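Asker: Line by line, the protein sequences give chains A and B.
Quick note on numbering: the working numbering labels position 251 of the first sequence as 251, and the sequence is numbered without any gaps.
Quick note on numbering: the working numbering labels position 217 of the second sequence as 217, and the sequence is numbered without any gaps.
Derived by calculation from the structure, the hints in this document are not laboratory data.
Quantities reported herein were computed from a predicted structural model and do not represent experimental measurements.
For glycine and all other residues, C-beta sits at the position ideal for the given N, C-alpha and C.
Be careful, since some hints might not be right.
[To be verified] Quick list of in silico lysine-lysine cross-link-like pairs, DSSO-like style, CA-CA up to 27 Å: (1) B/246 - A/156; (2) A/280 - B/552; (3) B/592 - A/280; (4) A/281 - B/70.
[To be verified] For each label pair, taking beta carbons as the anchor points, the in silico distance ranges come out as: (5) B/187 - A/241: 42 to 48 Å; (6) A/76 - B/485: 45 to 51 Å; (7) A/172 - B/465: 33 to 39 Å; (8) A/157 - B/96: 52 to 58 Å; (9) A/194 - B/518: 51 to 57 Å; (10) B/496 - A/95: 54 to 60 Å; (11) A/249 - B/23: 25 to 31 Å; (12) A/72 - B/475: 51 to 57 Å; (13) A/98 - B/187: 55 to 61 Å; (14) A/147 - B/485: 58 to 64 Å; (15) B/496 - A/241: 28 to 34 Å.
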Amino acid sequence: MADDIKILVVDDEPVVIKSCKRILEAEGYNIDGASGGREAIIAMEQKPYDFVITDLKMPEVDGITLIKWIKKSRPETGVLIITGYPSQETIKDALELGIIDYVPKPFTPVVLMDVVARAIEWKQKSVPAEAKKKEEEFPPSMMAELDRMISSYRDKPGSLIPVLQRAQEIVGYLPPIVQKRISKGLNIPAAEVHGVVSFYSFFTMQPRGDHIIKVCLGTACYVKGIDEVLDKIKENLHIGVGEITEDRKFSLEAVRCLGACGLAPVMVIDHDTHSAVTPKKVMQIIDEYRTVGAKA
Amino acid sequence: MSEQQRVSLMVCAGTGCVSAGSLKIKEAIEDELKKRSLEKEIGIVLTGCNGLCAGGPVIAVYPDEIFYQKLRPEDIPHLVEEHFVKGRPVQKLMYKMPAKRKAIPVMSEIPFFKHQVLRALRNKGLIDPEKIEEYIARDGYMAAAKALTEMTPGEIIKVVKDSGIRGRGGAGFPTGLKWEFCAKVQSGTKFMLCNGDEGDPGAFMDRSIMEADPHAVIEGMIIGARAIGANMGYIYVRAEYPLAVKRLQMAIDAATEAGLLGKNILDSGFDFNLEIYLGAGAFVCGEETALMRSIEGKRGMPRPRPPFPAHKGLWEKPSVLNNVETLANISPIILHGAEWYRNLGTEKSPGTKVFALTGAVNNVGLVEVPMGIPLRTIINDIGGGIKGRGRKFKAVQMGGPSGGCIPESLIDIPVTYEDVVKTGAIMGSGGMVVMDNNNCMVGMAKFFLEFTAEESCGKCPPCRVGTKIMLDILTDISEGRGKEGDIETLEDLSHDIIATSLCGLGQTAPNPVLTTIRYFRDEYESHIKDRWCKAGICRELCSFHIIEELCKGCGACLRGCPSKAIVGEKKKPHRIIQDLCVRCRSCYDTCKFNSIKVLPAGFEGEPSELVETAAAAKSGKGAAE
Numbered sequence: 001m002a003d004d005i006k007i008l009v010v011d012d013e014p015v016v017i018k019s020c021k022r023i024l025e026a027e028g029y030n031i032d033g034a035s036g037g038r039e040a041i042i043a044m045e046q047k048p049y050d051f052v053i054t055d056l057k058m059p060e061v062d063g064i065t066l067i068k069w070i071k072k073s074r075p076e077t078g079v080l081i082i083t084g085y086p087s088q089e090t091i092k093d094a095l096e097l098g099i100i101d102y103v104p105k106p107f108t109p110v111v112l113m114d115v116v117a118r119a120i121e122w123k124q125k126s127v128p129a130e131a132k133k134k135e136e137e138f139p140p141s142m143m144a145e146l147d148r149m150i151s152s153y154r155d156k157p158g159s160l161i162p163v164l165q166r167a168q169e170i171v172g173y174l175p176p177i178v179q180k181r182i183s184k185g186l187n188i189p190a191a192e193v194h195g196v197v198s199f200y201s202f203f204t205m206q207p208r209g210d211h212i213i214k215v216c217l218g219t220a221c222y223v224k225g226i227d228e229v230l231d232k233i234k235e236n237l238h239i240g241v242g243e244i245t246e247d248r249k250f251s252l253e254a255v256r257c258l259g260a261c262g263l264a265p266v267m268v269i270d271h272d273t274h275s276a277v278t279p280k281k282v283m284q285i286i287d288e289y290r291t292v293g294a295k296a
Numbered sequence: 001m002s003e004q005q006r007v008s009l010m011v012c013a014g015t016g017c018v019s020a021g022s023l024k025i026k027e028a029i030e031d032e033l034k035k036r037s038l039e040k041e042i043g044i045v046l047t048g049c050n051g052l053c054a055g056g057p058v059i060a061v062y063p064d065e066i067f068y069q070k071l072r073p074e075d076i077p078h079l080v081e082e083h084f085v086k087g088r089p090v091q092k093l094m095y096k097m098p099a100k101r102k103a104i105p106v107m108s109e110i111p112f113f114k115h116q117v118l119r120a121l122r123n124k125g126l127i128d129p130e131k132i133e134e135y136i137a138r139d140g141y142m143a144a145a146k147a148l149t150e151m152t153p154g155e156i157i158k159v160v161k162d163s164g165i166r167g168r169g170g171a172g173f174p175t176g177l178k179w180e181f182c183a184k185v186q187s188g189t190k191f192m193l194c195n196g197d198e199g200d201p202g203a204f205m206d207r208s209i210m211e212a213d214p215h216a217v218i219e220g221m222i223i224g225a226r227a228i229g230a231n232m233g234y235i236y237v238r239a240e241y242p243l244a245v246k247r248l249q250m251a252i253d254a255a256t257e258a259g260l261l262g263k264n265i266l267d268s269g270f271d272f273n274l275e276i277y278l279g280a281g282a283f284v285c286g287e288e289t290a291l292m293r294s295i296e297g298k299r300g301m302p303r304p305r306p307p308f309p310a311h312k313g314l315w316e317k318p319s320v321l322n323n324v325e326t327l328a329n330i331s332p333i334i335l336h337g338a339e340w341y342r343n344l345g346t347e348k349s350p351g352t353k354v355f356a357l358t359g360a361v362n363n364v365g366l367v368e369v370p371m372g373i374p375l376r377t378i379i380n381d382i383g384g385g386i387k388g389r390g391r392k393f394k395a396v397q398m399g400g401p402s403g404g405c406i407p408e409s410l411i412d413i414p415v416t417y418e419d420v421v422k423t424g425a426i427m428g429s430g431g432m433v434v435m436d437n438n439n440c441m442v443g444m445a446k447f448f449l450e451f452t453a454e455e456s457c458g459k460c461p462p463c464r465v466g467t468k469i470m471l472d473i474l475t476d477i478s479e480g481r482g483k484e485g486d487i488e489t490l491e492d493l494s495h496d497i498i499a500t501s502l503c504g505l506g507q508t509a510p511n512p513v514l515t516t517i518r519y520f521r522d523e524y525e526s527h528i529k530d531r532w533c534k535a536g537i538c539r540e541l542c543s544f545h546i547i548e549e550l551c552k553g554c555g556a557c558l559r560g561c562p563s564k565a566i567v568g569e570k571k572k573p574h575r576i577i578q579d580l581c582v583r584c585r586s587c588y589d590t591c592k593f594n595s596i597k598v599l600p601a602g603f604e605g606e607p608s609e610l611v612e613t614a615a616a617a618k619s620g621k622g623a624a625e
């Protein structure tokens, strides 16, 4: 476990690097050293690190600049700082940049080991959150399109729902970041935007798969056994309604009557309507979409 | 249709037929016609829903009205050769009565069509909905022209009022009266709205009208707008109906182009603009005040009335909201008069009504019938009776989650607003779901409560909390935790919810429960007391048994059993190992000899008891009924 973890120690005093190396390598971590901010960036461009432990006060490229660069270019790397001047000011700046913790200088081996161990634990817990955050970064072109669309509705009364519908078309779903943008663009409180998003079943805050499976839960479909079809899908794809498969191929939605009761039980995948679906047939139909790319 | 075409082929492009492959049929016909150089003589039109969805893909050949169904691309060369070259219609592709061999060639003689009278659906299967010229050719926009140039708003309202037409969305409020209320209010701004948020599960009338004849809706709105003095209108459509949205938009564009919408329509000095507003999936938005909130871009929650929308509606301005089918009826009323409209139907329920007939009948589809027609005629003659050997009619559900189940003993009632209400169901928007003896009524009530509990907007507690408590009780009953007194609790709760809910959603939500208790109380009791779901639907409350005397040992059930719970040698009676059985019903549905019976959960009777059950089964009073 520990030998998977790569740590870069950055300090202009070689002795600090040396002692960190000695203490942490004994714990099984992989340790590299860099004598300043510039060297650290060069090292990080060569290979990925799980953590960087850096001094703040260094000549040329200092610690704060390095942390800013890491947050921008290597956001997956966790940052710890060592500082001989744990003044409120510098620590506050660093904390605001999103460091995990700090090690006061001089330090004992126990303190260093403890801080590193806690940082690892913290990072493992927060991995999903981090990954989620990454998803919410959308290409600037998409955001620009979103903003253009929002501003075209700005002065129209009652435009929130159409804007949300268009936004969902553009982005695919409505994460908080998109809702905030709409709130700002239309000058409507974010709470109201969220209230509308959560009220209507058409809107989703979850990303969707390449293919969207919609299962009709209308009366005619119910009478003809759609619930068994739905169970079969859930069982085979290992997802519930409103969820997305791990490989992001499919998302499963239950919809109110599709108005195609003559075809009951009905399932719609992307834009194709499948009629008279049976538990036996359903996975065969779904599997046909596996090889097909995402819908246009 | 141009002059030199001798034949017109109406290919149904409704949702049902398209998914059954009607567009491929159209291509195949085009290819064949080209091969034989007939493409100039024979025209092809893609129409909206023809109605007989069960037969899809369907085509109708005019002028002879020959009707073909269940076509496959490989049938087409033969069909074109025989019918269009040799002039001999192809019998084997025609409609046949269930259980009868004789083909019925002419559409109007098929029972499904014979009993229907088309008013709202007057252009069904006859025009290309994407071409305004075809609508105009069938007297389209004549009524709007008449209303705008020859009639005063007061005269329009009088005709609609005299016709007695009632709102087709469900509650049945007289349309003319609604218009009159709004017309009387003095206001610079008024709105004419159309409710296309068809949310009842099991209903697709409005969808079919919007897809098959979008101009009929627009024309109705123009006339209504003129009557109440509105210059702006919205059609609120579910986002789940993309084809309807597309066709309505095309129709609005074409009508605007033709000067039938916009400024100074037909030089009458009257302006009317129309926009589509997409719903976002909330059943409660079918309620008028909620729908208006939704157009304002807010959470679609109802508010108490009064003030009624006729005084304070959309953006606090006087507004009228009409259902799609109601609006489609307006132009014939204006054109032919109130008397003409009243020549069908009854005194209090004049005219016709469109129903979406689905469920356990042979001919599922869209039908329009005169009001007052017996329910039995709709189910047995138009619907062609119950589908499947050995299946029997049990109940028909009308009015969706706000309606109720009507049992066999009441199947002869005339279909009118008043008579349907007496049964505990409601006319509703026109969903008609037929159930056979394989449907469990407790399960049915639970299905609708799941729907209303989920769709309750949460504003008023009787609906929000009440439906949830009722659902919990129903879930307990269907999973074997039912107890004495549950039925009475359900009834008490129902009455409280009906009396105290804010809007129609809550006020009608208990109807499915109340009607099933009223007509199928024994079924509830056998769930609670005997742990026995006789239809074999509630898995915790049934077990499946093979009656030796009836089993022929064909092995069909054995092959189909997913948990390998059936054992037996060929041609000898089989047996179900109860511990392995997952009660999926597949054997029950497979068995051709009716030898599998549904008995209470954990039934471990003696063979003699089983024989008794078998004897009862033979005499027609089986355990499964």
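Asker: All the hints need checking, so say for each whether the structure fits it.
Answerer: Going down the list of hints, with the structure as the test:
Of the supplied pair hints, the one linking residue 246 of chain B and residue 156 of chain A holds, its CA atoms being roughly 22 Å apart against a limit of 27 Å. Our distance criterion of 27 Å between C-alpha atoms is met by residue 280 of chain A and residue 552 of chain B, whose separation comes to about 25 Å. A threshold of 27 Å between alpha carbons decides the hint, and for residue 592 of chain B with residue 280 of chain A the separation of about 20 Å falls inside it, so the pair holds. For the hint pairing residue 281 of chain A with residue 70 of chain B, the CA-to-CA distance comes to about 21 Å; that is within 27 Å, so the pair holds.
Taken as a hint, the range 42 to 48 Å holds for the pair residue 187 of chain B and residue 241 of chain A, whose Cβ atoms sit roughly 45 Å apart. Our hint of 45 to 51 Å for residue 76 of chain A and residue 485 of chain B is violated, since their Cβ atoms are close to 60 Å apart. In this structure, residue 172 of chain A and residue 465 of chain B meet the distance hint of 33 to 39 Å, their C-beta atoms being roughly 35 Å apart. A beta carbon spacing of about 57 Å between residue 157 of chain A and residue 96 of chain B agrees with the range 52 to 58 Å that was offered as a hint.
Range check, residue 194 of chain A to residue 518 of chain B: about 43 Å between beta-carbon atoms, so the 51 to 57 Å window is missed. Hint check: residue 496 of chain B to residue 95 of chain A, Cβ distance near 56 Å, so the stated range 54 to 60 Å holds. Between residue 249 of chain A and residue 23 of chain B the CB atoms are about 27 Å apart, so this pair conforms to the stated range of 25 to 31 Å. A beta carbon spacing of about 53 Å between residue 72 of chain A and residue 475 of chain B agrees with the range 51 to 57 Å that was offered as a hint.
A hinted range of 55 to 61 Å holds for the C-beta pair residue 98 of chain A and residue 187 of chain B, which are about 57 Å apart. A beta carbon spacing of about 60 Å between residue 147 of chain A and residue 485 of chain B agrees with the range 58 to 64 Å that was offered as a hint. For residue 496 of chain B and residue 241 of chain A, the Cβ-Cβ distance of about 31 Å falls inside the hinted range of 28 to 34 Å, so the restraint holds.
In terms of the numbered hints stated before, the structure departs from hints 6 and 9, listed from lowest to highest.
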